Amino acid sequence: MAKGRQYFGDGLAYLNPSDLKGKLIVIEGTDGVGRSTHIELLQEWLEVQGYGVITTGWTRSSLMSRTIESAKEGNILDHWSLSLLYATDFADRLEHQIIPALRSGFIVLADRYVYTAFARDTVRSGNPKWIRDVFGFALVPDLVCYLRIDADTLALRVLESNGMNYWESGMDLRLGTDLYDSFKKYQSLMIEEFDKMAEEFKFEVVDARKPLEEIQDFLRAKIQPLLRQGPRRELARIPVPAGTADPSPH
Amino acid sequence: MTPPVLHPHTFGQPHTFPGKLIIVEGIDGSGKSTQLLLLQKWLESQGHNVFFTEWNSSELVKETTKRGKKTKSLTPTTFSLLHATDFASRLYHSILPPLKAGMIVLADRYAYTAFARDAVRGVSPSWVRKLYSFAVQPDLAFYFKVPIDVAIARLLGGTRGQFKYYEAGMDMGLSHDVTESFRIFQTRILSEYDKIVDEYHLTVMDATKEIEEQQDDMREVVTQALEHYKHRRGGYGKRATVFWRRFGVPKPK
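As they're listed, the protein sequences go chains A and B. If you're matching positions, the first sequence starts at 1 in the working numbering and goes up one per residue. If you're matching positions, the second sequence starts at 1 in the working numbering and goes up one per residue.
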């Protein structure tokens, strides 16, 4: 906390971020890399240790989620409107959810952050400048972990789970003749963008093809130094009633 | 392969489309919408193809803005972003196609409205300008300048009878009285507009003059601006003209 919390750009001119004492942790990665599974496990791990945790996810704001759904059904969005819809959703969650939680000392686990918007808009516009300006009001997170995968493995995973959809395949860009070709090309462009940002914004990168436990261990090791340091009070164990198995693992 | 790139317009540089973009700005009660309507009637009577678009009217975000206003959950930033989304959607669907087709586009309010309002609501002025950097620079931008008391008198005496919550800036907690809140909020907007007029060289109209006088002034400016404009029409318009010329009723001898 030496420098205090910062905005990406112009910021929210009416809100001083210096008293936001919680931690903002971001899990980024393309569609289908297992972000939500890891966030669930992290939340459990942190709550067991006594930390207050809230999670927030892309397009989940009460103001915008319906609008974005119906806009995507129309399939005729220009990249400005699409990005501004994401920005509105993000701003709504930032001001109503993330900032109040940080102010109260919560750990905020964000499933995707502005980087997803940066990648999607840049792939569509070829210009990284405007979208970074638009999100100038966003808070710089304390940690960004990026689950990296290659397009081939990703294609298999997505087919095995939910299947490919129009937007995840970037069909609006007309990159390929069918869903599969389009998906591969679009996700390759997205991964390329994420790789560039990994350097620009100093992401902690982990290979999303590794076993789940290994990835989770990596994430916990990166989060651990952010947690409150110093000794916490030793608590007496609550006695387990006779005859019950020991609930603690191992 | 590089993805298709939409024209990266830079606000501040003249556009290269064959059409013309004329916009009006001013606070509520300045009479700008009346003047734009009269201009449209006149242009159409001259045989021009005119396309009209107004602030915050795209299907995409209308519902959302309504919902946000109802639950009073809009913040200055989401308010600003929703209007920018609406603008982007209208630019793509309603402004660019007719401009490319060589039509005259009339816009009731433009990005300047956001520059004025959002700054008063407290967002960073430089951020709002960056948000709208993809906008097309208008060929003509009129600002209808009116003293606050004239605007209030018009709105209270006119068809509306009362002020709307957000137009009166009630979300800012300036005053519990709606009229008083409107006065404070719109006065601040007026002073923002004054800055914008200088920054973007808007054409200032004296909105206290009589309606027809203002319209004459407006038509004069538009005539000059359209001097080199080659107007195009669709096939239907052309055929009608030819038809009347060829088969017109012969004048009685």
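Quick caveat, the hints were computed from the structure, so don't treat them as lab data. Don't take every hint at face value.
Straight-line C-alpha distance at most 25 Å; calculated SDA-like pairs for lysine to any residue [to be verified]:
no.	chain 1	residue 1	chain 2	residue 2
1	B	Lys-69	A	Ala-101
2	B	Lys-66	A	Arg-60
3	B	Lys-130	A	Arg-209
4	B	Lys-72	A	Glu-200
5	B	Lys-69	A	Pro-100
6	B	Lys-62	A	Glu-200
7	B	Lys-130	A	Ile-99
8	B	Lys-209	B	Leu-140
9	B	Lys-130	A	Asn-16
10	B	Lys-62	A	Gln-97
11	B	Lys-62	A	Asp-78
12	A	Lys-72	B	Lys-209
13	B	Lys-100	B	Ser-57
14	A	Lys-72	B	Leu-140
15	B	Lys-130	A	Glu-200
16	A	Lys-72	B	Tyr-92
17	B	Lys-69	A	Ile-191
18	B	Lys-72	A	Thr-55
19	B	Lys-66	A	Ile-68
20	B	Lys-72	A	Ser-62
21	B	Lys-69	A	Ile-68
22	B	Lys-72	A	Asp-78
Just so you have them, the derived chain A footprint on chain B, three or more residues with Cβ under 8 Å [stated by the list, open to error]:
no.	region
23	25-31
24	115-128
Residues of chain A clear of chain B, computed beta-carbon distances all greater than 12 Å [unchecked claim]:
no.	residue
25	Lys-21
26	Trp-58
27	Ile-68
28	Phe-106
29	Leu-156
30	Val-158
31	Glu-160
32	Ile-191
33	Glu-204
34	Val-205
35	Leu-226
36	Glu-234
37	Leu-235
38	Arg-237
From a predicted model like this one, the values you see are computed outputs, not experimental measurements. Beta carbons are placed, not taken as given, at the ideal position from N, Cα and C, and that holds for glycine.
Going down the list of hints, with the structure as the test:
no.	hint	result
1	B:Lys-69 with A:Ala-101	holds, 24 Å
2	B:Lys-66 with A:Arg-60	holds, 19 Å
3	B:Lys-130 with A:Arg-209	violated, 39 Å
4	B:Lys-72 with A:Glu-200	violated, 38 Å
5	B:Lys-69 with A:Pro-100	holds, 21 Å
6	B:Lys-62 with A:Glu-200	violated, 37 Å
7	B:Lys-130 with A:Ile-99	holds, 24 Å
8	B:Lys-209 with B:Leu-140	holds, 20 Å
9	B:Lys-130 with A:Asn-16	holds, 21 Å
10	B:Lys-62 with A:Gln-97	holds, 24 Å
11	B:Lys-62 with A:Asp-78	holds, 17 Å
12	A:Lys-72 with B:Lys-209	violated, 47 Å
13	B:Lys-100 with B:Ser-57	holds, 21 Å
14	A:Lys-72 with B:Leu-140	violated, 35 Å
15	B:Lys-130 with A:Glu-200	holds, 21 Å
16	A:Lys-72 with B:Tyr-92	holds, 16 Å
17	B:Lys-69 with A:Ile-191	violated, 38 Å
18	B:Lys-72 with A:Thr-55	holds, 24 Å
19	B:Lys-66 with A:Ile-68	holds, 15 Å
20	B:Lys-72 with A:Ser-62	holds, 12 Å
21	B:Lys-69 with A:Ile-68	holds, 18 Å
22	B:Lys-72 with A:Asp-78	violated, 28 Å
23	25-31	violated (count 0)
24	115-128	holds (count 5)
25	Lys-21	holds, 21 Å
26	Trp-58	holds, 15 Å
27	Ile-68	violated, 9 Å
28	Phe-106	holds, 20 Å
29	Leu-156	holds, 23 Å
30	Val-158	holds, 21 Å
31	Glu-160	holds, 28 Å
32	Ile-191	holds, 15 Å
33	Glu-204	holds, 28 Å
34	Val-205	holds, 25 Å
35	Leu-226	holds, 27 Å
36	Glu-234	holds, 44 Å
37	Leu-235	holds, 40 Å
38	Arg-237	holds, 45 Å
Checked against the numbered hints above, the structure breaks hints 3, 4, 6, 12, 14, 17, 22, 23, 27 and satisfies the rest.
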